[in-house]
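Asker: Assemble the whole structure, with the sequences as input and the hints as a guide.
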Amino acid sequence: MTRSRSAGVGLIGPASVLILAGFLAPTVIMAMLSLRDYSGMHGIGTDWTLSNYIDVLGDWFYLEIILRTLALGLIVTLLCLVVGFPLALFILRVGSMMQTVAILLVTFPLLCNIVVRSFGWMVLLSPRGVINEALINAGLIAEPLALMYNLTGVIIGLVQIYLPFMVLLLVPALQNIPADVEAAALTLRSSRARVFFTITVPLASPGIITGSTLVFVLSISALVTPRMLGGPTYRVMATQIYDEFMTNLNWPSGAALAFVLTFIALALIWAANRVAAHLTRGISA
Amino acid sequence: MTSLSLRSLTKRYDTATIVNAVSLDVEQGQLVSLLGPSGCGKTTILRMIAGLLEPTGGQILFGDEDVTALPANRRNVGLVFQSYALFPHMTVFENVAFGLRRQGLKGQELKTRVGEALEQVRLGALAERFPRQLSGGQQQRVALARSVAPRPAILLFDEPLSNLDAQLREEMQIEIKRLQSELKLTSLFVTHDQHEAMSLSDRICLMSGGNIQQFATPEEVYFSPANGFVSGFVGSPTKLTGVLRDDAVELAPGLVLHSSRAVPASGGRVRVTLRQEDLVLAPQGPGLPGTITMRIFEGASVQYIVTLDNGPEVMVRVPSRGAQADLAKGTAVAVSIPADRVFVSAEEGAA
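The listed protein sequences derive, respectively, from chains X and H. Mapping to the working numbering: the first sequence position 17 is 17, numbers consecutive. Mapping to the working numbering: the second sequence position 33 is 318, numbers consecutive.
Note that these hints are calculated values from the structure, not bench results. No false leads were mixed into what you were given.
Okay, the calculated beta carbon distance ranges per label pair:
id, chain 1, residue 1, chain 2, residue 2, range
1, X, Thr107, H, Arg387, 33 to 41 Å
2, X, Ala277, H, Lys462, 39 to 47 Å
3, X, Val83, H, Arg387, 26 to 34 Å
4, H, Arg297, X, Ile12, 55 to 63 Å
5, X, Val83, H, Pro322, 44 to 52 Å
6, H, Asp310, X, Ala179, 24 to 32 Å
On the chain X side, residues computed to face chain H include the following (Cβ under 7 Å):
id, residue
7, Asp180
8, Val181
9, Ala183
10, Ala184
11, Leu186
12, Thr187
13, Leu188
14, Arg189
15, Ser190
16, Ser191
17, Pro202
As the structure is a prediction and not an experimental result, all values here were calculated from the model. Even for Gly, the Cβ is constructed at its ideal location relative to N, Cα and C.
Answerer: Shown next as structure tokens:
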């Protein structure tokens, strides 16, 4: 072994050990666990079986949870995109002083713990919360609006939590678009709206895809916010996995559900990369 | 196709005046250069004509139509950028088709028009490539095809050749000149390169500090500069200072130059501008005595730096096949300057 090669091993050694011990080993254990049989009487058995996966993918109880999770991820991602894109454009075009302030305001919520932020939303959204009280006192509504313990509450919470990621990935993507390219489209008889949709959006697509993938994956795997703002009966995959492990003590079932979630996320990242490669075939080498 | 007129066009940012009440007429089918050092306001004028910048005052007319209030997408201009500004996510074909589609062209007609435009810049074979697969010169030719394809009323160039290397630049100059005269497009060409302006333009508008210094044919700008700025900018002249006495300038004690051109009425300290190619070298004889301190061979020409006795240095350029092409460093020479080639201007105006 040459000197430089041993130096290389030395450099990646600590990280390799950490990944093997801290990530790969638990994943393998979980994978094995998801293939064990389970009965309420005897707990985790010693036989190998695919029944945990068959149960999860063949039972409407679980399928509904999976579909609800995917729908939630889709809605949160689209809302983050719709809210984040104008915000990213604003950050890019505003003066340098306001730009610093705006970026600070966008990143500031990231410094605050998710539990605390979700509690904050509970204070605002609950049936006797700030928003409902204010609306009732103003005489605008008679009954409190159902702002939490449902999809609405979870969406509001997740959009607020993951919006900074979207914005922070969109800003550099938009920054890479030369101003001259948009000006050229304007002089070629395109309205501002058309320039936005035919030039700005396609050229920002690498950032849009990265940001959307990240927000989607984070949303479908979020646990704390759906639990707190969705309430104990609002089930998504992450809360169901938690319940399988901690309440039902059915570890094989929870592990199988966790792997289904992981495969959905991986398939999505793969598909997004394929789409990105196609869309940006003119942009990047 | 139409003429272009600017009427007291002005652009101010806070207190800084970038373009100061510029009035200019470009006749139909002519190519006019806006020439000047960076920061003289030439690009600002171009962007106001394209509709990308809003003027503080004044009017822009295409023919008889006042377009000052029209947005960029309704002005019918073609703009060629220094950075090419091609759409990187579209093929060459789609880049050129972009403006044509907005005019409602589709199908076979669109294909024909895009093909025509690409043939005009001799890029017909590269229609399916993406811009990043092309060289800089090819990209700029695509940009040229893209801007002329919709048959704009006015064609604008914003230093389109500055990013190309010298050889490519000359090829592109010829290409632009050929295309512009074939299509008889009224064109405005922004550049800081005087050779580019000279070789391309029907007329040159020389600018400085947001003001027009001279608007004339290249020959007039070269042979009859309107003021000290123009004589100092065109060519790479030697700029000297001296004291004006009647029509003669004393550069140093005993070193006197006569000028048959108009001189400032005020007298006193003046700026003298001498073109390198106007100066005549001789081994001896009449003229100002001096010594060669440097010889630079440039191919077609030879440049000398001559230190005048008891006086300043001047630069002299002679043909490399001429009689005076082989003077060695240290040779004593006589420098004579025709009186009609001595440009005298007030000192501050020559800045």
